[in-house]
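S.K.: In terms of my numbering, the sequence shown opens at residue 1 and continues consecutively.
Treat the hints as calculated values from the structure; they're not laboratory data. Computed from a predicted model, the values in this text were never measured in an experiment. Incorrect hints may appear among the rest.
As the list claims (entries may be wrong) - Listed next, with one range per pair, are the computed distances between beta-carbon atoms:
# : residue 1 : residue 2 : range
1 : Lys21     : Lys180    : 41 to 51 Å
2 : Asn88     : Asn181    : 29 to 39 Å
3 : Phe90     : Asn133    : 16 to 26 Å
4 : Thr83     : Tyr261    : 39 to 49 Å
5 : Leu235    : Tyr261    : 14 to 24 Å
To be verified - Below 16 Å or equal to it, Euclidean Cα-Cα: the simulated EDC-like pairs (lysine to aspartate or glutamate) are:
# : residue 1 : residue 2
6 : Lys271    : Glu199
7 : Lys271    : Glu206
8 : Lys242    : Glu206
All residues carry an ideal CB built from backbone N, CA and C; glycine is no exception.
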Amino acid sequence: MEIGTQESWLDKDHPNYERWKNSRKLAEERGDFVKSVIQRYINCEGLRILDLGSGEGGTAAILSKNNFAISLDISLIRLKRQTRFNSNIFKINGDALDPPFIEGSFDLIILQDVIEHLNTNKEIILSLYKLLNDKGFVYLSTPNKYSIFNFIADPHWGLPFVAILKRESIKKYFLKFFRKNDYTRIDIAQLLSLKQLTELFNGKFEWYLNTKYSVEQLFNGNNGIIWSSFHQVLLKIMKKLKLQRFILKIAGDGKGIINNYFNPTFYFVLKKI
Numbered sequence: 001m002e003i004g005t006q007e008s009w010l011d012k013d014h015p016n017y018e019r020w021k022n023s024r025k026l027a028e029e030r031g032d033f034v035k036s037v038i039q040r041y042i043n044c045e046g047l048r049i050l051d052l053g054s055g056e057g058g059t060a061a062i063l064s065k066n067n068f069a070i071s072l073d074i075s076l077i078r079l080k081r082q083t084r085f086n087s088n089i090f091k092i093n094g095d096a097l098d099p100p101f102i103e104g105s106f107d108l109i110i111l112q113d114v115i116e117h118l119n120t121n122k123e124i125i126l127s128l129y130k131l132l133n134d135k136g137f138v139y140l141s142t143p144n145k146y147s148i149f150n151f152i153a154d155p156h157w158g159l160p161f162v163a164i165l166k167r168e169s170i171k172k173y174f175l176k177f178f179r180k181n182d183y184t185r186i187d188i189a190q191l192l193s194l195k196q197l198t199e200l201f202n203g204k205f206e207w208y209l210n211t212k213y214s215v216e217q218l219f220n221g222n223n224g225i226i227w228s229s230f231h232q233v234l235l236k237i238m239k240k241l242k243l244q245r246f247i248l249k250i251a252g253d254g255k256g257i258i259n260n261y262f263n264p265t266f267y268f269v270l271k272k273i
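Using the sequences and the hints, build the whole thing.
M.R.: As structure tokens, this is what we get:
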């Protein structure tokens with residue numbers, strides 16, 4: 001989610017431009033993957049769906065088929081760019097932390113790579129809980145703070161060590177010296193660990209990880225999962241070494257070592273309690 005009026009993600013001179021460009025290109029493929037995860041739990045037809053921090057709008061476009069879908073983003077520029085999708089998306093320029101909807105309005109809420117950019121994680125989880133009906137679901141994806149792969153190359157900056165730092169430390173020790181143009185941004189990502197996330201869900205949601213499924217999809221050629229050059233190189237190495245069977249065997253959906261310290265991205269489906 002883009003918070004504020006910065007357009008650094010469209011600046012061709014920005015060091016992360018190619019990374020963001022690849023993400024934009026894969027917007028609909030990412031949406032297809034999100035839908036495939038959700039369909040493991042509910043039928044994606046006849047739903048009232050809210051995509052919070054919808055970005056390029058690819059996921060909202062995919063989910064708008066046979067559903068009533070609202071795309072909410074704080075960036076008006078991003079919302080205008082969503083018109084390239086031939087879909088029936090209702091677009092709203094607003095803040096994910098202050099959505100203009102009554103309680104119980106939605107069957108499904110999407111929070112895709114957004115929560116790490118917010119300053120008030122407890123508030124957003126409470127907001128999701130209130131906006132859902134009694135049988136509602138959330139799709140939530142976010143990078144893993146303690147993944148060794150993110151430690152080597154942070155998913156937002158592509159540099160080592162940044163993933164484990166708090167937002168203020170990133171600004172003080174990294175942006176101040178290496179990315180001065182980004183210093184004033186208020187949406188600097190602060191990654192969360194599996195423990196931190198599951199503690200946020202306690203008492204409000206049952207949570208289900210989809211690690212094994214995402215690994216299967218990755219090895220089957222799904223393009224909507226990774227877009228950074230670092231992760232693409234890792235995938236090629238794993239395939240070259242023929243590690244697919246081993247990785248699929250150790251991949252799981254619980255609180256084990258793999259999800260705590262190796263899995264680079266969490267793909268959660270949350271069910272309202």
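S.K.: If a hint holds in the structure, say so; if it does not, say that too.
M.R.: Against the structure, the hints:
| no. | hint | verdict |
| --- | --- | --- |
| 1 | Lys21 x Lys180: 41 to 51 Å | 22 Å, violated |
| 2 | Asn88 x Asn181: 29 to 39 Å | 37 Å, holds |
| 3 | Phe90 x Asn133: 16 to 26 Å | 18 Å, holds |
| 4 | Thr83 x Tyr261: 39 to 49 Å | 42 Å, holds |
| 5 | Leu235 x Tyr261: 14 to 24 Å | 19 Å, holds |
| 6 | Lys271 x Glu199 | 15 Å, holds |
| 7 | Lys271 x Glu206 | 5 Å, holds |
| 8 | Lys242 x Glu206 | 35 Å, violated |
Hint compliance for this structure: hints 1 and 8 are not met, and every other hint is.
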